[in-house]
Each structure stands twice: as C-alpha cells, then as structure tokens.
Amino acid sequence: MKHIVHLLAAAAVLALPACSKPAATSGAAATEAVKSDKSLGDVIGGDSQFKTLASALKATGLDGVFTGKGDYTVLAPTDAAFTALGDKAGDLTAPDQKAALAAVLRSHVVPGMLTTADIGKAIDANGGKPISMRTMGAGSVKFARTGSGLTVTADDGSAAKLSGEGMSASNGAVLPIDAVLKKL
Amino acid sequence: MRKLLSGIALAALAATTLHSDPGGGKGNGGGKDHGKGSAENSGGNGNGSGNGSGNGGGKPDHGQSAKHEDRGNDNGNGNGDGNDHGNGNKADRGQSMADHRQDDRGWTQPVGKNRAEDRRSENQGRITQNDSRDARRGNWREYDQRGLVNGCPPGLAKKNNGCLPPGQAKQSNYDRYDRNWWGLRGLTNTSGYRYVDGNLVRLSSNGSVMSYYPLLGGALSVGNAWPSGWQSTPLTSNYSNYYGLDNDYRYYDGAIYNVDPGTSTIQRIAALLTGDTFNVGQRMPSGYDAYNVPYQYRNQYADRPDANYRYSDGYVYQTDPKTQLIVAAIQLLT
Chain A
59 MKHIVHLLAA
69 AAVLALPACS
79 KPAATSGAAA
89 TEAVKSDKSL
99 GDVIGGDSQF
109 KTLASALKAT
119 GLDGVFTGKG
129 DYTVLAPTDA
139 AFTALGDKAG
149 DLTAPDQKAA
159 LAAVLRSHVV
169 PGMLTTADIG
179 KAIDANGGKP
189 ISMRTMGAGS
199 VKFARTGSGL
209 TVTADDGSAA
219 KLSGEGMSAS
229 NGAVLPIDAV
239 LKKL
Chain B
106 MRKLLSGIAL
116 AALAATTLHS
126 DPGGGKGNGG
136 GKDHGKGSAE
146 NSGGNGNGSG
156 NGSGNGGGKP
166 DHGQSAKHED
176 RGNDNGNGNG
186 DGNDHGNGNK
196 ADRGQSMADH
206 RQDDRGWTQP
216 VGKNRAEDRR
226 SENQGRITQN
236 DSRDARRGNW
246 REYDQRGLVN
256 GCPPGLAKKN
266 NGCLPPGQAK
276 QSNYDRYDRN
286 WWGLRGLTNT
296 SGYRYVDGNL
306 VRLSSNGSVM
316 SYYPLLGGAL
326 SVGNAWPSGW
336 QSTPLTSNYS
346 NYYGLDNDYR
356 YYDGAIYNVD
366 PGTSTIQRIA
376 ALLTGDTFNV
386 GQRMPSGYDA
396 YNVPYQYRNQ
406 YADRPDANYR
416 YSDGYVYQTD
426 PKTQLIVAAI
436 QLLT
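If you read the sequences in order, they're chains A and B. The first sequence begins at 59 in the numbering used here and counts up by one. The second sequence begins at 106 in the numbering used here and counts up by one.
Treat the hints with caution; some may be incorrect.
[Stated by the list, open to error] Output of the computed footprint for chain B on chain A, the stretches with three or more beta carbons under 8 Å from beta carbons of chain B:
hint, region
1, 118 to 126
2, 131 to 145
3, 177 to 191
[Unchecked claim] Here are the computed lysine-lysine pairs in the DSS-like style, where the Cα-Cα straight-line distance is at most 27 Å:
hint, chain 1, residue 1, chain 2, residue 2
4, B, 427, A, 179
5, A, 219, A, 96
6, B, 427, A, 187
7, B, 427, A, 200
[To be verified] Pair ranges (Cβ atoms, derived):
hint, chain 1, residue 1, chain 2, residue 2, range
8, A, 93, B, 391, 28 to 34 Å
9, A, 204, B, 410, 24 to 30 Å
10, B, 349, A, 93, 18 to 24 Å
11, A, 93, B, 345, 22 to 28 Å
12, B, 351, A, 153, 28 to 34 Å
13, A, 153, B, 372, 17 to 23 Å
14, A, 90, B, 265, 58 to 64 Å
15, B, 401, A, 205, 31 to 37 Å
If you are wondering where the hints come from, they were derived from the structure by calculation, not from laboratory data. Just so you know, even glycine gets a beta-carbon here, dropped at the ideal spot from N, CA and C.
Turn these sequences into a full structure, and let the hints guide you.
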C-alpha cells in the first residue's frame, strides 16, 4: 500500500506542470469516436483522474507504447480505483515488481479504437448479451449493460464500471473504469 | 494512407512454416526452429509443420491509396525444413486469380484481370490483391511457443552464487500466479513458476534457477540489456511500416522492443500486440465482438449490413456478419 501512496504522491508532483495547461492536456470527451490530435499518452497524462495510471505506465516503460502509432483502447483505472485496492495492492508498485505492474496494465489494453457507443451497438447486436474483446494480456474482457451503464469483467472475474464518457485520442480511446481488472 | 489487401494468400501464409517465405504458394514445412532450446519444448524443437496454398498478390505503394501490382497467382511449391530455409519457388507476376477491388464504400469486389483496367483501378484508389512477400505477417504464436530458456538469468548470473534466487525465503506475492495472470503466450505450462529478478523461472530441487523467461517491465525493461541467451524475432516489413519502426525493433511475447544494435540495450517498448493472426476463410473468433477500427480508417471500413470490420495488430479483418467468416484481411499502413 505504501508504494501506491508513494506513486500517487509522485504522480501528483509530476502532474503539477500539466495542470497549468488544462486545455492542452485534456482529451476529447466523446461517446462516439471523434478526431483528436492528442495521443493516448497525452490524454492519460493530462487527466487528473489518471495520475497513478500515468505514473505506472512510465514506471514500466509502457508509456512509449501510447505515444506511438499503434491504436489501442485503454481501460483506464482512475486514481480512486487504484486506491481501492488497499492492502491487496501489496508490492505491486515496488521497484522490483514492475513486471507485475506491466502484467496488470497490459490486461487493460484492447486493440484498436473502442468507444462506449461501439460497445453499446455490439451488445444490442448480440441481443443484449455481453460481448467479448481481446486484451493485450493473455485473455479477454466482457462488456455488459447494467441499467444505463456499462460494466467490464475480466477472465478472472474482476469487474469494473465504465465511469463517464470515453475520450478519443489520435491513436485510440481511453475508457475510464472504477476498479482494476486484475485479481491481486 | 496506404493500405494493402491481402486476401486468400494469407490463408496460405499462416499455415506454412514461419520462416519460410513461400510466396503465398504451397508450402510444406516440418519445422525445427528457432534457435534456443526450451526446457519445456523437448529439446527446443517445435513449431511444427503446415501445408498451405493460396494466391499471392500485389505490393503496397507509397501514395495515397493502395496499389495494384498485378502480382497474382504467386503459386509456388515449397518444402521447408523449418530452419529458416523454406524452398519455396516463388512465381512472380503471374495472373491474378482472386483479384479484388474496393469501391467507394470500402467494399471489396472481384475485378477483371485486364491490366489496363487494373491501372485505372489503381488511379482510382482501388484495393486489389497484393504481393504475399510484403503481406506476410509474423506468426507470433509460433514464436511465442518457445518456453523457458535453460540457464541462469543474466542479472542473477552476475552474482556467481550458483544461480540461487536472492532471499529465497521471501517470495513475491505474484509467485502463485500462472502464465495467464502474467499475460504471457510463450509458456507451455500454466503454472509452477517463480518470479525472480524480473523473470519467471523454474527452480531445481536444490533451489537454484534452471530456466527462465524474461518479463516485460522486468528483465525486459527500458535501460536493461537484452538477455544474450534469449532470441527475439525481427519484425516483418508490414509491422515495421505500420508502427513506423526501423530495423532496430524486435518482437517478443506480445510486445515490440527497440534495442540498440550496438549495446543491446532496450531503449523503448514501442507497441503491444495481441499476437492474433487470422486467415481468410476462418471464423472470426470470440474477442472481436465490437467494432474497433482506428479512427482514421472508420470512414473507409465502417460496419454495414453485409460486412463487419474488426482491427487487430495493424490489420482490419472484413467478416460476413451472418457467418462470421473472414472474407478479407486488410493490412493498414501509415
């Protein structure tokens, strides 16, 4: 847990300069795909709810993935989602456990650009039943509609709600989620 | 935007031995492969055999639209021993057997074989069959099946302590997790590993490391040297083009790394891949249920009643909504 706290503190410090330029660092909020000139790295790094995620990407070296040309959708746990791990986080963010952190992160990445509208249409086309999307981990995640919202569930049963609108980036989309999709 | 349609030829490619370059033709490979032996793969031989047949196609151009190279019927017969030496006979520039073009809606249609007509198609931005030598894709799954490498991880070997993990009594919280937890594709066994110094390892009865598997973000971190005993896979041109990478990049278990050729230092993790490669004629598997085409291609490849499009690792796959069968694999190039 202390490592999470340290990471959050470090992220907050690192994020300070970005906070002075909100217009240049926020992604385009959108249910549908919209054009954006900001990379996924810029969108995540410039949003105050993703400080822990941004720090985790940098710590593992995965930040370079999201400033490149490949297209991805990041199921982005908010800072609150990381905090909610509590003691279960263990030493996830310890310097010698970056491989574990990378394993957690890659299971939150889906190929291509996926919007909440795309997910909703797919669920509708599937008769209202959950739909499955591949991740960059070894498995997949399932999206389902619950009430007016969407949930996402990993193969290991860990689940999250999609919180708020997604954000378009030049190389994909960011979908905020309220929990980490990995059992620790 | 350049794009390249590789249709039926791709069905042949994935079915053949990985390193052989059958030119989209027919190939038989019985493979021993890829250098390093595996503790799990019975002496390091693996990556079996395959047979395939198909039609080659054109080559991507460098303009605003796909180019028709009229290189169809790239049939050859090949026998590969799997040691990167497929003996395929590549018949170039034969008659296209399964040419396609794409109309303004992005619909791929058969086209005539008249060269003049094909040139008109090219000028109008039509997509046609392409050259399998450029369309070939890494069959990452085969590479990923290498398993652990025998020996001691470089970081641990420097300690000259018989390759005993530091602080054996202190086990990581993640020791208990299996390969799926780690998101790995290259481990044969699902469990029984320990996490040591950025690697998954197997221990001998005396507690020393007898084989290892370097992990993304662990041993394979930016700034670390690439493990000298660990073979990686160079990128094929289509991936290099799409991800905007040069020759200093290599693939390993779902990720593309930039490695300094002089120092072997990992400089950047450039991309993540699903490792999925699908072939025309097969059913689109679960995991691609929603439309996920990148923004810049959405106008061109939008789902319609008679066609769905799904993206993975630089390719858009066109499927039949009724049968879910893949009818075209479209390589995206930026």
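Hints, one by one, checked against the model:
With 6 residues having a beta carbon nearer than 8 Å to a beta carbon of chain B, the region 118 to 126 of chain A meets the requirement of three or more and the stated coverage holds. As drawn, the region 131 to 145 of chain A meets chain B at 1 residues by the rule of a beta-carbon pair under 8 Å; below three, the given contact is violated. Note: the region 177 to 191 of chain A has 7 residues with beta-carbon separation from chain B under 8 Å; the three-residue rule is met and the coverage holds. Of the supplied pair hints, the one linking residue 427 (chain B) and residue 179 (chain A) holds, its CA atoms being roughly 16 Å apart against a limit of 27 Å.
As the CA atoms of residue 219 (chain A) and residue 96 (chain A) are separated by approximately 25 Å, the hinted pair is consistent with the 27 Å bound. Proximity of residue 427 (chain B) to residue 187 (chain A) is assessed by CA-CA distance (about 17 Å); at most 27 Å being required, the pair is judged to hold. A C-alpha spacing of about 22 Å is found between residue 427 (chain B) and residue 200 (chain A), which places the hinted pair at or below 27 Å, so the restraint holds. A C-beta distance of roughly 31 Å is found between residue 93 (chain A) and residue 391 (chain B), which places it inside the suggested range of 28 to 34 Å.
Taking 24 to 30 Å as the suggested C-beta distance range, the pair residue 204 (chain A) and residue 410 (chain B) conforms, at roughly 29 Å. Restraint check, residue 349 (chain B) to residue 93 (chain A): a C-beta distance of roughly 20 Å satisfies the suggested window 18 to 24 Å. Checked against the hint of 22 to 28 Å, the pair residue 93 (chain A) and residue 345 (chain B) passes, with Cβ atoms roughly 26 Å apart. The beta-carbon spacing between residue 351 (chain B) and residue 153 (chain A), approximately 31 Å, falls within the hinted interval of 28 to 34 Å.
Roughly 20 Å separates the CB atoms of residue 153 (chain A) and residue 372 (chain B), a value that falls within the hinted 17 to 23 Å. The beta-carbon spacing between residue 90 (chain A) and residue 265 (chain B), approximately 59 Å, falls within the hinted interval of 58 to 64 Å. Checked against the hint of 31 to 37 Å, the C-beta distance between residue 401 (chain B) and residue 205 (chain A) comes to roughly 34 Å, which is consistent with it.
Violation of the numbered hints given earlier is confined to hint 2; every other hint is satisfied by the structure.
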